[in-house]
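**Q** Sequence:
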Amino acid sequence: MIERVHEHIISELGVNTRTDTIFVLTAIILNLLTLGINSGIASGGGDGKTTIIMFTFVALLIVVNLVAEIGLIRGRQTRTKLLNGVIKMYKDQGVEGYYDPSLLGDYRTRYNLFLLAVLFTGLIALIVPFVLWAM
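One point on numbering: in this note's numbering, the residue at position 128 of the sequence shown is 128, and numbering is uninterrupted.
No wet-lab data here; the hints were simulated from the structure. Incorrect hints may appear among the rest.
Straight-line alpha carbon distances no greater than 20 angstroms define the calculated SDA-like cross-link-like pairs of lysine to any residue that follow [stated by the list, open to error]:
# : residue 1 : residue 2
1 : K88       : T78
2 : K88       : I10
3 : K81       : H6
Please take these sequences and the hints and turn them into a complete structure.
**A** Okay, structure coming up:
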């Protein structure tokens with residue numbers, strides 16, 4: 001039975017990793033696309049229609065980045081819970097020496113870097129077009 005629990009936890013960790021990858025890639029790609037589109041709109045001066053398009057992309061950018069940030073925070077929490085379960089299972093089985101608990105801190109750092117990358121590409125995608133628009 002313990003093998004099935006272990007397989008299930010490892011499977012959940014794989015799903016968690018794939019989901020986090022989707023969040024990060026989606027947010028960063030959208031941020032870069034929005035940066036390009038809105039910068040082009042802002043540079044061209046634009047009329048009322050293009051301004052509406054620009055603000056629509058800003059709204060989309062904010063929502064997607066918010067979802068990605070929340071998703072990554074929840075992913076970090078889930079990974080921590082799953083890994084704590086694995087560590088406890090390994091201790092109960094007497095094989096805890098094969099898993100270094102300091103990896104939890106490394107995962108926390110990785111998640112913080114992902115959050116930072118999404119946040120700053122999002123901020124750049126928001127700020128640069130408005131600076132161009134103001135010029």
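**Q** Are any of the numbered hints broken by this structure? If so, which, sorted upward?
**A** Violated: none.
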